[in-house]
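Line by line, the protein sequences give chains A and B. For what it's worth, this note's numbering labels the leading residue of the first sequence as 26, then goes sequentially. For what it's worth, this note's numbering labels the leading residue of the second sequence as 39, then goes sequentially.
Calculated directly from the structure, the hints in this document are not laboratory data. Here the structure is a predicted model, which is why all the values come from computation and not from measurement. Just so you know, not all the hints are guaranteed correct.
Unchecked claim - What follows is a set of in silico ranges between Cβ atoms, one per label pair, in the way DEER data are often shown:
#1 B:Lys261 - A:Thr145: 28 to 38 angstroms
#2 A:Glu331 - B:Ile207: 33 to 43 angstroms
#3 B:Leu78 - A:Glu125: 48 to 58 angstroms
#4 B:Lys262 - A:Ala51: 26 to 36 angstroms
#5 B:Glu88 - A:Asp202: 17 to 27 angstroms
#6 B:Gln220 - A:Arg349: 28 to 38 angstroms
#7 A:Met26 - B:Gln220: 31 to 41 angstroms
#8 A:Pro219 - B:Asn83: 49 to 59 angstroms
#9 B:Ile207 - A:Asp243: 50 to 60 angstroms
#10 B:Glu88 - A:Asp86: 41 to 51 angstroms
#11 B:Glu88 - A:Thr359: 53 to 63 angstroms
#12 B:Asn157 - A:Glu331: 40 to 50 angstroms
#13 B:Phe97 - A:Lys285: 50 to 60 angstroms
#14 B:Lys262 - A:Val75: 12 to 22 angstroms
Claimed, not checked - Calculated lysine-lysine pairs in the BS3-like style (CA-CA distance at most 27 angstroms, straight line):
#15 A:Lys73 - B:Lys261
#16 A:Lys149 - B:Lys217
#17 B:Lys217 - A:Lys73
#18 A:Lys73 - B:Lys262
#19 A:Lys245 - B:Lys161
#20 A:Lys149 - A:Lys323
#21 B:Lys161 - A:Lys188
All C-beta atoms in this analysis are idealised placements derived from N, C-alpha and C, irrespective of residue type, glycine included.
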Amino acid sequence: MKAQDFMNKLNTQSLNLILREYPIAADFLANFRLENLSKEIPVSEALKDVNPEILEEFGLDGYDLLQNLSLFLENLTETETSLDRVTSITILGGVNKLKEPENISITIYPGEIISIVGPTGAGKSRLLNDIECLAQGDTPTGRDILINGIHIEEEQRFQLDGKLVAELSQNMNFVMDLTVHQFLEMHAKSRLTPNANEIIEKCFLCANQLAGEQFTKDTKVTQLSGGQSRALMISDTAYMSNSPIVLIDEIENAGIDRRKAITLLAKNEKIVFVSTHDPLLALSSDKRIVIKNGGIHKIIQTSEEEKKNLKSIEKIDNILLKLRNNLRSGETITEDLLKL
Amino acid sequence: MKLVTVAGPPSSGKTSVIIKLAQCLDIPKKSIGVVKFDCLTSFDNISYEEAGISIKTGFSGKICPDHFFVSNIENALQWGIESDFEILITESAGLCNRCSPYIKGVLSICVIDNLSGINTPRKIGPMLKFADIVVVTKGDIVSQAEREVFAFNVKQVNTSAKIMFVNGITGQGVFLLGKYIQQTKDILSLKDSKLRFTMPSSVCSYCTGETRIGESYQMGMMKKMEF
């Protein structure tokens, strides 16, 4: 539906009807202190009773407000944009910091997990920056990033609104003082999710499966442990974020099933990049990009041998997990526990 | 010369964003100038000087910072042209959330940070509403969900704005902003240009130095609350 159609709607349908269909319009009106508009008549009518001074304070008149509201509803209900369906992303190599050519190209599809390895400062963020702004040979690396196999128009790059890449790192915290349920509800509301309650439930259950220690829906997000926070963030990103690409920067080892966490994202049709030196995570990915001297040095396909080794790594990891749980429950560490 | 106006609440990261922007623009440092409009004191000039960027700072003192901005902007432009800058950036702190030092036809950027609270975009008003680009900073320390809800709330107030997430420390995200700025038209004069929104009106007795409390001292534009 176009803004003009919404405008007609606002002119003819009662505000009650509009709010039933688009509950978020209530928030829009509240932004302009218009929460008490009469709901039985169309907004255009109701606005006539509003003191024009209030609208003026916001730099609006009644007509502007209707227009803004129509535009807002149009933008929200718009689903078909080019980036909504990312079926692949292709990285065409540029040059490293020494201006040596990278000579690589890699195409990644939703559901794939790619790990990024290399020392700090080697150029991981250069790669991420390129992906985030959809470099078209114009960034310092000279790389090209293609979406669905094609170059992106300049105008589309400016329309990204930061929605292409969702990020998750150790440094992230919840800053809002909300319970887990309120938090998920708020996110669902901003996504205008139609079956919100169902998805909130899914998110919550899944976060608990990933977290080492259980938490309830009434727990404040700010009181969650590091592992629990990460579990909630990952599950929320998997089910509710609209970004087709997810970048994970070193998730902590403690208190979260990190392999399950990244597979969950992949299963939800995300393209997952994991920047990690955790062998368990790195080998769980399909390929790994090795960064050196500010460039992509090589791309390694996880071999059969490596996948076999994954089993042994898992065992080591499980031992550590057991040790941790024993400590937590007040038990002692015996030599038995260390046996593979 | 290109002109860009940057506004945003105190400590939202305006200076960091501008410095990172200057570093990523493909032009010599000496062809970028910044005019900082502040109220009482400012230490940003040190950061700009360290970054090798020409800076002029003005203090509005007891005058409304926005009025101060508009009465000095033409001279600022003149300074920029005489200094042979390619880009002149003005930076002003929005103190009452009512400020919007934006001019029609001049690229306007509002900088706000994710830490300021999820509902802040809904409260800022004209400074956010009339901006062409909303730069959101400090996204690296809050959750993805909070970033998304924050961006959504920005869209509620300014549907047509472009939102760019910029990390003021690493400069991540600043490339696209620079690219956008380079596309804007050159500004040679602001004579007869118009502000995007009226300035806060403040012509009451307290504006002129009255300190006494009481009905009989209140003159000019007054607004009374209902209790």
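Hint check:
1. B:Lys261 - A:Thr145: 28 to 38 angstroms: For B:Lys261 and A:Thr145 the Cβ distance comes to about 56 angstroms; the hint is violated.
2. A:Glu331 - B:Ile207: 33 to 43 angstroms: holds (36 angstroms)
3. B:Leu78 - A:Glu125: 48 to 58 angstroms: With a Cβ separation near 52 angstroms, B:Leu78 and A:Glu125 satisfy 48 to 58 angstroms, so the hint holds.
4. B:Lys262 - A:Ala51: 26 to 36 angstroms: holds (28 angstroms)
5. B:Glu88 - A:Asp202: 17 to 27 angstroms: Violated: the Cβ-Cβ distance is about 37 angstroms, outside 17 to 27 angstroms.
6. B:Gln220 - A:Arg349: 28 to 38 angstroms: violated (52 angstroms)
7. A:Met26 - B:Gln220: 31 to 41 angstroms: holds (35 angstroms)
8. A:Pro219 - B:Asn83: 49 to 59 angstroms: holds (52 angstroms)
9. B:Ile207 - A:Asp243: 50 to 60 angstroms: Since the Cβ atoms of B:Ile207 and A:Asp243 sit about 35 angstroms apart, the hinted range of 50 to 60 angstroms is violated.
10. B:Glu88 - A:Asp86: 41 to 51 angstroms: holds (46 angstroms)
11. B:Glu88 - A:Thr359: 53 to 63 angstroms: At 58 angstroms between Cβs, range holds.
12. B:Asn157 - A:Glu331: 40 to 50 angstroms: For A:Glu331 against B:Asn157, whose Cβ atoms are near 48 angstroms apart, the range 40 to 50 angstroms holds.
13. B:Phe97 - A:Lys285: 50 to 60 angstroms: holds (56 angstroms)
14. B:Lys262 - A:Val75: 12 to 22 angstroms: holds (19 angstroms)
15. A:Lys73 - B:Lys261: With a Cα-Cα distance of about 22 angstroms, the restraint between A:Lys73 and B:Lys261 holds, given a limit of 27 angstroms.
16. A:Lys149 - B:Lys217: Satisfied, since the Cα-Cα distance of roughly 22 angstroms is no more than 27 angstroms.
17. B:Lys217 - A:Lys73: Not satisfied, since the Cα-Cα distance of roughly 43 angstroms exceeds 27 angstroms.
18. A:Lys73 - B:Lys262: Roughly 23 angstroms separates the two Cα atoms, so the pair holds.
19. A:Lys245 - B:Lys161: holds (25 angstroms)
20. A:Lys149 - A:Lys323: holds (13 angstroms)
21. B:Lys161 - A:Lys188: holds (23 angstroms)
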